[in-house]
Every structure is written in structure tokens, then in C-alpha cells.
Amino acid sequence: MNLFRTTLAACAAIIIGTAAIPAAQAAGGGTKPPEYPWSFDGPFGTFDRAQLQRGYKVFREVCSACHAMGLVRFRNLSQKGGPEFTEAQVRALAADFKIMDGPNEQGEMFERPGRPSDAFPKPFPNEQAARAANGGAYPPDMSVLAKARNYERGFPLFLFDILTQYQEGGPDYIKAVMTGYEDPPAGTTLQPGQNWNKYMPGNIIAMPNVLNDGQIEYPKGPDGKPSAPETAKQYAADVTAFLVWAAEPHMEQRKRIGFQVIVFLTLFAGLLYFTKKRIWSRLPEHAPGTH
Amino acid sequence: MSGPSTYVPKWGIAKWMDARLPLPRMVYDSFIAYPVPRNLNYFWTFGGILMLMLVSQIITGVVLAMHYTPHSTLAFNSVESIMRDVEYGWLIRYMHSTGASFFFIAVYIHIFRGLYYGSYKAPREVLWILGCIIFLLMMATAFMGYVLPWGQMSFWGATVITNLFSAIPLVGETIVTFLWGGYSVDNPTLTRFFSLHFLLPFMIFGVVILHVWALHVTGQNNPTGVEVKAVQKDTVPFTPYATIKDAFAMICFFVVFSYFIFYMPNYLGHADNYVQANPAVTPPHIVPEWYFLPFYAILRAVPDKLGGVMLMGAAVVILAFLPWLDTSKVKSMRYRPLARQCFWAFAVTCVVLGWLGSRPAEQPYVLLSQIFSALYFAYFLIALPLLGLFETPNKLPGSIAESVLSKIKGGSAAAVGAAAASEPNTKG
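Chain order of the listed sequences is X and P. Letter by letter, the first sequence follows residues -11 to 279 of the numbering used here. Letter by letter, the second sequence follows residues 129 to 556 of the numbering used here.
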């Protein structure tokens, strides 16, 4: 096995030696975001309803000024496994918006209050209008943003992720970017409309810092205090959780069914194993004591 | 191997059918009485697992096609509507997308099993080549399927891969225009890829039937590589022995498969594919799906485009020539100490090439890709042809039954085995 061992050792040395390179490159482009303990982590993770409801409030009051979320409908907000607003609340939330509908029988477009079946209205009529209003940058649709962002885990972390079920690269990155604004390092001059962000690849981001402490009022508990800290960090976590739900509205059902399926299949495999042993023991040389 | 049919129709209707279209006889001979070497290990269950994966992909794929819209402006959102609004659409879609990866996991295990135990050698050359054709069709199908969600990686992956054909002298540009249905990857590309992605799995199914047919003519290879000598002693009937073992292995495979479907559905994919295709924005780092990475590394190892394409093509095609490149008369690497080391070095080479394929095309990765591409081809072109001439194989057991017995009885039978050991099997 000498040849094999030598090859293996050489390969291991090469991989370990060069594995440091992407990390170094990534550091030039953006720092690795910290891992946040999300309520939806792991095989039994579920969304925190109150957090999703707060996240909706942050989205509604801050993000939705520039970002669309065109694939989510108001009715989704009352579905199981989501923020679970009551249907009456959803009707009220939808009615907050004016929706362009039509044409009516006179052939004219008209505005009406939103209904639960409506998709979240978009802040701009088209991409050009969005760019014109945002200094040339196009704020992406947020419907699947939490799945569309990630950062490189690198070797060997990406292998351990299979066992730890770490798949919150998207939310960790998004939360980090929202709270990652800094003054640019000395000697760097930013163009108008550019901002410096520690976690953004390349560090330059068009989106300004939008979350500040105390900016959004959270529902008050019975003691008159807000139900969660009104800090930028908390806002970022809450709206990120909301984005994860928006991107994966059936996540809770998926993990729940997954557990049932895996338990069932494991038991089934166990039964098949013993059946197999029994059947193969019919062969003379497999039967104990015949030789 | 199949031998004369032992099927005896019991009922009147079965006799009537047997005289007209002996379908029950075929099923009986192929899946019940069919003799299977008794010493097969669990690596031999992957054929059945692959059959199951193909059927699973076809069923989920047909359901997905009912809800999918093949149009460049609608495809992305139609996939999202499957994920959100179709009842259990998320399950069907994740089964299909994760299923593609698990299909390749199974096929790679299946191929490496064939490489280790010399399953490509006479008399199984045609069986092996049919397998190579299936592998090629699988690659084409998976590539076109990945384009359908019309995300950024779909679009740019399609652009990079179809552009490879432009390297062909004289007709390259024409071929690319023909593949695209225009002058860039666009709606006509998507619609033809959708059509072909629906068609190819059924072609795979057709070649799989030939593959199984060829298998049932020659019979299975086995871990010793010694051919079946006495059906009574060396084999067991497919049912119940192989059926129950395959069923157990399939369910175990599905436990792992389910783990990914339900807990890590996007782990094997790429985040950029959740961004809708945009011809104006190139992703910073275009990478194919993991199962193409070794070939992608070989492609990029050559600075010349045509050379890279040819080398990548050769990396796949060379598999089909394996029955004649390996000159050894001994099938199983169990009895080939040197070849066994080369095999494991080759396996590690493939993994390293996969990792290199995921790196950006810059130094030192390009140099490493060149070194490991050379090692990849060295296995086929240097190691296997030469080892057969210079290597002294260990003694083979006299028969399958003997190898099984020696394992059970330990030392005493091993002595018998050594005494009865025959000459290595000849090639023809």
C-alpha cells in the first residue's frame, strides 16, 4: 500500500496547503459572517411566529420601500408554518395597500384596497424606474433572497455541514450585511451612492445602512415594554427570519415529514435486514453449526 | 449464464400466454430463477438502486413537467410556484433535484465497483460499453435539466458548456447556433432543452434494458472475478436471495437520500441558481454541478479551448476502451496488489480533480489540474496496460463456492482453497 499511501499523503498536503488560499481570497472580498443561532436551525427547527411577525413589520416599514417580494401573497401570512397572522389580521394588512386592478367593464384600470389573494405589491413599476430611484442600482426581489445568497464554507467545514445540517449560509450572510456597515479604511474613497460593508464581497455595496436602533416600534408586552429589543441587530435578525420563511414557506412541513420518513425507512430497513439474514441462513454454509 | 428456462406454467391462463407471448417466462427466468453469484457484496446492489433512481426521476419529472412552463420569462417563477403553491410541489421538486445528485452518487459507486472488480473484462465488454453510453446520456440529461429552472447558474452553465462546441474546427459555430436556436442562449435554447430533457430519460431506459439483457447473458461478475463454474454450488436464485438484499440496500440508500431531500435540499445545489437568469450579469464564479467537476477540471487544465474539449471528451470516452486497455487476465483487484494501489490512487485523483474543478481557473489550481489530469489518464494508458504484463497476481480461489467456504471455515478451508487454486481466468 506504499504507493497509495504516498499519493494520499501528497494529495492531503496539497489540499491542506491550498485550502488556505480561498479563505485568504475571501478575506479580501468580504469577511465570513458569524453563525447566528436561528430558531429554524437543525432537524427540528421551527420558525418563531412572533419573530416572523416582527420581521414582516421591518420588511413592511423599511425593505419594501425599495425591494419587491413578488412571489409572496398576503394569504401566505396566515398559512401554517409561517408568521400565522389571523385571517382578519391578514385582511387588514392587505387592505393597507392600494392595488392596481382592471380593466373594469369600462376598460379602465382602477385602484382598490389589497386582498389576501394579492401578491405583495412592487415598489417600482419596472427595473428602470427602480434603478432611476436608487442611483442606478437595482434592489433585488426578496422572495427567494435567503436561498440566493451564501458564502463559501471551505474545506473541511463543508463536509461537517452535512452532519450539523448547517444550511443557514444565506440568512447568516444577509443578517451580517445588514449590520456590517463601517467607515471605509483610510485611503479608500467611495463614489456617491457607494457604501462600505464588511461582509459584502468586494466590500462596496449600493444599499445604504437602513437599520438603526429604535427606528421601528415593536408590539408592547403586558408590562408596557417592547416584546423584543428595538435594536438594529434585532431588526436584522427578525427580518432575515422573515426572508427565510418567504423563501421556503414549507420548511416546517418539510422537516416534520422528513423526520417521519426517515424513522419509517430506518425501521423498514431494520426489518428487511433481519428478513435478509433469515433468508440467507437457508444456505447451508450460512447456517450456524452446520459446518 | 441464463441457461435453459426452468419455467413451468401452472395455471391455464399462464400456459395460454406462454404459448403466445412468453412474458411471464421472461420475468421468471430473469428475476426469479436467474442465478446470481452467491458471494456478491453490497456494491452489487447499486444496479438495482440505479434502476429505482431512474424510475423515481422519471415519475417526479413527469409530474414536474405538468406544472412547469418552458419559457425564458416564466420558467423561474413557474418553478417557484411549484415550490409554493403546488400541493407537495416542494417535495416533488426536491426529490427530483436532489435525485439527480443521488443518481450520480449511485452511478459513480457502480462504475468504481466495476473498475475495482474488473467487471469490464471479457465476456462483459458490451455490457460495460452500454453502461458507458448510459453514463453519457445521464450527463446530457442532467446538464439540460439543470438549465430548466432558468437561474443564473442554469443560464451561464448552458452558455459555457454549449460554447465548448464552438471549438470544433469549421462547423463549430454552426453547431453552437443550432444548439442555441439563435445567436445566444435564449428562449429557443430553453424550449429545446426541455424537450430533450423529457426525451433522454426514456432513451436511457431503453439502453438500460439492453444493459440488463447483456448482464443476463453473461451473468454477474463477482468479488473474486472467477466465473461461475457450477451453477448449483456457485450461485443462488435471484429471488429471494438477491431481491431481499437489493431491497434492503435500496431502503438504506433512500434513508440517506431522504436526509438530503428533507434536511439539506439545497446543499448539493448552488445559491446563484435562485437568482433568475440575467444575460447582462455574469456570476463571479461559474461552476457546474458537483458530478461534473472532475471533467470540468480536466477541461480547464488545457490552455487551448479545442484541446481542453478534446481532453474532457477523452476522459469520458476512454472508459469505453477499458476492456482492451487493461491487459491483465485477472479481473478482481483483490488478487492484484499493485493494480489495487493504482486503483485507489486513481479514486483519490478523481476526488482531487473534483475539488480542483470547483476552484477558480487560476494558479496554483491550473497547474494542479494539469498534474492530476495526467494522473487520471495515466491510470488508463500506463498503469492498466503495463501492470497486466508485469504484475504477479496473488492466487485465485478455485471457484466462488470455495472462496465463500474458506471465509467461513477460516484456516482449514484456506488451505484447501490454496491447493485447489486454479490458474487465473483467461480473457476469452
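Do not rely on the hints blindly, as some may be mistaken.
Below, computed lysine-lysine pairings styled on BS3-like, alpha-carbon distance capped at 25 Å [unchecked claim]:
# : chain 1 : residue 1 : chain 2 : residue 2
1 : X       : Lys213    : X       : Lys68
2 : X       : Lys264    : P       : Lys523
3 : X       : Lys20     : X       : Lys213
4 : X       : Lys264    : P       : Lys143
5 : X       : Lys208    : X       : Lys264
6 : P       : Lys361    : X       : Lys265
7 : X       : Lys213    : X       : Lys45
8 : P       : Lys138    : X       : Lys265
Since the hints were made in silico from the structure, they are not lab data. If you're wondering where the values come from, they're calculated on a predicted model, not measured in any experiment.
Status of each hint after checking the structure:
1. For the given pair, Lys213 of chain X sits about 28 Å from Lys68 of chain X by alpha-carbon distance, which is inconsistent with the 25 Å threshold.
2. Between Lys264 of chain X and Lys523 of chain P the alpha-carbon distance is near 32 Å, which puts this suggested pair outside the 25 Å criterion.
3. A distance of roughly 34 Å separates the Cα atoms of Lys20 of chain X and Lys213 of chain X; the hinted pair therefore is violated under the 25 Å criterion.
4. Between Lys264 of chain X and Lys143 of chain P, the direct Cα distance comes to roughly 32 Å. Violation of the 25 Å bound is thereby established for this hinted pair.
5. Taking the CA atoms of Lys208 of chain X and Lys264 of chain X, the gap is about 61 Å. The hint is violated against a cut of 25 Å.
6. Taking the CA atoms of Lys361 of chain P and Lys265 of chain X, the gap is about 20 Å. The hint holds against a cut of 25 Å.
7. Only pairs whose Cα atoms come within 25 Å are accepted, and Lys213 of chain X paired with Lys45 of chain X is accepted, the gap being roughly 17 Å.
8. A threshold of 25 Å between alpha carbons decides the hint, and for Lys138 of chain P with Lys265 of chain X the separation of about 30 Å lies outside it, so the pair is violated.
Comparing the model with each numbered hint stated earlier shows that hints 1, 2, 3, 4, 5, 8 do not hold.
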